[in-house]
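Novice: Listed below are the residues making up each chain.
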Amino acid sequence: MDFLNALILLSNFVIVPSITYGSQLALGAIGVTLIYGILRFANFAYGDLMAFGTMCVILFTWLLKSWGVNLGIFPTALLALPFGITLTIIVSLFFDKTVFEYYRNKKSSPVTFIVVSLGIMFVLNAVVRIIIGPNDIVFMDGSRFIISAVDFKEATGLLEGLTIKSTQVITIITTSLTCFLLFNFLNKTKTGKSMRAYSNNEDLALLSGIDPNKIILITWIIASILATIAGTLYGLDKSFKPFTYFNNLLPIFAATIVGGIGNPLGAFYGGFVIAFSEIALTYAYKKFIFYLLPFSSDSTNLIQYISTDYKFAISFAILVVVLIFKPQGIFKGKVI
Amino acid sequence: MNNIDAKTSFTIMGFLLLIVGILQSWGVAFSILNLCLISAIMSMGVNIQWGFAGLINFGVMGFLAIGGLATVLISVPPVVESWSAGGLGILLSLIFLILIIYACLFINKRYSKYKYKYHLIFAIIILTIPVLKLISGPSIKLIESINPAAQGYLGGLGLPIIFSWFVGGLLSAALAFVIGKICLGLRSDYLAISTLLISGIIVSVIKHEEWLSRGVKNVIGLKRPAPYEVDLQNSEWFINLIEIIHFWSPTTKGIIISSSGIFVKICFSVIFLITLLILLYLSERAVNSPWGRMMRAIRDNETAAKAMGKNIVKQQLNIFMIGSAIIGFAGAMLVTYDGLFTPSSYQPLRYTFLIWVMVLLGGSGNNYGAILGGFVVWFIWIESAPIALFLINIFTFFLENENIFKIHLIESVPYFRYLMMGVGLLLVMRYKPEGLLPEKKIKF
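Chains U and P, in that order, give the protein sequences. Just so it is clear: in the first sequence, position 289 is 289 by our numbering, and no numbers are missing. Just so it is clear: in the second sequence, position 254 is 254 by our numbering, and no numbers are missing.
Because the hints were derived from the structure by calculation, they are not lab data. Everything numeric in this text was worked out from a predicted model, so none of it was measured. Some hints could be false.
[Said to hold, decoys possible] For lysine to aspartate or glutamate, the following EDC-like pairs were computed, each having C-alpha atoms within a straight-line distance of at most 20 Å:
#, chain 1, residue 1, chain 2, residue 2
1, U, Lys241, P, Glu411
2, U, Lys165, U, Asp237
3, P, Lys207, U, Asp309
4, U, Lys106, P, Asp300
5, P, Lys207, P, Asp231
6, U, Lys65, U, Asp136
7, U, Lys106, P, Glu434
8, P, Lys432, U, Glu101
9, P, Lys217, U, Glu101
[Claimed, not checked] Here's a subset of chain U near chain P, in silico, CB distances under 8 Å, partners left out:
#, residue
10, Leu71
11, Ile257
12, Ala317
[As the list claims (entries may be wrong)] Some but not every residue of chain U turned toward chain P, in silico, with C-beta under 10 Å:
#, residue
13, Phe122
14, Phe139
15, Ser143
16, Ile146
17, Ile147
18, Thr256
Every residue, glycine too, gets a C-beta built ideally from N, C-alpha and C.
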């Protein structure tokens, strides 16, 4: 019985939250990695692109709600997602045409691209804050819990109640679906294969008649779709705040590099590695140990490896370790 | 656009500040000037790394925060109760920390051929963190419980605050040494990402180690190298001075109060200006020396420099440390000017990327360019709100004042500065990638 209690506790506070957070990071990391693989630069504007996409989704959610449209137990944001994605794609392509294309044709250095993406970061940052403001916005509606602690306790008689929020399930299902479609696209279709070829060796790809403009167009489209989905899922799960989205760029970069930059499957795993280590290392295991040990202890020690304040620092530390010892990433695999 | 020379551009800048002084107020003009001077020093630091050595450092925020921490550690008087309560524990854990670091370095050197060397070091670090927490935990709790509303930390050394600028520089240089050892071998984009993330770690340490820096509770009322307003208002000579300057009408209490504020700001301006000029002189000398030429050679062609027998890793580490020291120095100056240390205000957008915009806009590879960039960007950063308000009012003149759209726009005026920065950076990168004052090409 105690073992079950401990397991539920772990699932509530470590396992399910890390899978959810990991999925959100994974989607973002795949987007960053695709841009890096095809366009060959680290896009610092990606966090703000996520914020922009989420903002569009929120605006459409409000619009739909004002018309009285909703999805019942599901959040209305899911219905607004396609509209948000469309707007984000348009914005990405606009910036590609007006900004990145020029430097691509000039074959500028990666550093120039980084600097330019900083400029876009500032612009998107401003646009989001001007349109929707800098404050916290909760746009989750529909039912909150799939399994709530109280019901679970009543049904089973255990001391700990298993809690699964509906946003967590939505995140996991959406991520699995998106990744399934994406990896099928990259591995099975001709366009996907040509994308991988282009990322692997640009000259050979051009030689075999692959149209670079088409590849770049599709990369931006996929990256924008992923950014919007990841941002919306994060916003549904927690809340929407432009500044948090900018900060999320850092663990996403960490996930990308841990998985090997330019490698989507690695980025996918990298997201989970970062999320699990962030949450598992900062969780206070006091109660968990209390259930498992036969004797009870009333020490004030929380049995926490590192204080929660250092949540972000953990992912950065992992990244630094990876960069020093294995700059190609810890997951061996094909470059996209 | 032709290249404007340094003199004209700085004259224009001076005129702009003059206009602010006349239209808004002299207090605003001088506080803009002071922050322009500090920003100029920051961007000089980044320029040394990026413009002269081509090292991309996105960790500016971390070095500024370390400089700010130095002001607390040097100028604040020590909290005796805290030292007697938990000082011993903190010292013990510090010794323990140093021992761990030495152990890691020792293993790294002694067993340099051993296959599982890094696994061993990694295991040591992972295992010793809980021990470190166990040693320091009780004393940290004790320290933080002593007068938590005003103190709850160890305090500093109680020295004059000017010292802390140099200490800030030294601490930054030491930190840059560690970061440089780890990251400088990386590719440019990896260097950018990893320095950004490391600066995040530094700020989170400063934010959360309350026994050291009071963390998010902030340290207020730091010392100043300039007189205090209240003292000025009560001193005979100052009132006489104001009466002489303000000869056309009788001096009232209000005038004395407002002019004491301006006087303090002028004092700061003089100190900052002298610092800037000294740094500029040193930097110009360094850049035009054989060493400076070597650095540019390394930047432009690493392989050729290597072939000439230059130790590139060492030189890059040197310049990374020098640049970071200047950034840390500026960080200490900034906190001194603000008079308070607020760790939670360190955000990458304001303290890393804005400084980068200054360097890129002003002209990387040219000290005058970096300084001009600091001035221009800070001026726009502050004055963009009034400008945006003005533009909004012009473009929405056909709407009534109660229009929701107009009200929303006016409420979001503070965020137009990000837009201006972004658009400005994009335009400069596109049409004048070498910046306002480009690097002087030396002809032989």
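Novice: Do the alpha carbons of P:Lys217 and U:Glu101 lie within 20 Å of each other, as the hint requires?
Specialist: This hinted pair is violated, its Cα atoms lying about 47 Å apart.
Novice: Let me know if the C-beta of U:Ile147 comes in closer than 10 Å to any C-beta of chain P, holds or violated.
Specialist: violated (34 Å)
Novice: Under the criterion of a CB-CB separation shorter than 8 Å, is U:Ala317 in contact with chain P as hinted?
Specialist: Cβ of U:Ala317 sits 7 Å from chain P, so the hint holds.
Novice: Does the alpha-carbon distance linking U:Lys106 and P:Asp300 stay inside the 20 Å limit?
Specialist: Distance of about 19 Å is within 20 Å: holds.
Novice: Hint validation: U:Phe139 versus chain P, beta carbon distance must be below 10 Å. Holds or violated?
Specialist: Where the cut-off is 10 Å and the nearest Cβ of chain P is about 18 Å from U:Phe139, the hint is violated.
Novice: For the pair we were handed, U:Lys65 and U:Asp136, check the Cα-Cα distance against 20 Å.
Specialist: holds (19 Å)
Novice: Need the status of pair U:Lys106, P:Glu434: alpha-carbon distance at most 20 Å?
Specialist: holds (15 Å)
Novice: Please work out if U:Lys241 and P:Glu411 have their alpha carbons no farther apart than 20 Å.
Specialist: Cα-Cα ~17 Å, so holds.
Novice: Given U:Phe122 as an interface hint, is the shortest Cβ-Cβ distance to chain P below 10 Å?
Specialist: holds (3 Å)
Novice: How about U:Ile146: closest beta carbon in chain P under 10 Å, or not?
Specialist: violated (34 Å)
Novice: Quickly compare the C-alpha distance for P:Lys432 and U:Glu101 to 20 Å and report which way the hint goes.
Specialist: Holds. P:Lys432 to U:Glu101 sits at ~17 Å (cutoff 20 Å).
Novice: Can U:Leu71 be said to touch chain P, with a Cβ gap under 8 Å?
Specialist: violated (28 Å)
Hint compliance for this structure: hints 5, 9, 10, 14, 15, 16 and 17 are broken, all remaining hints hold.
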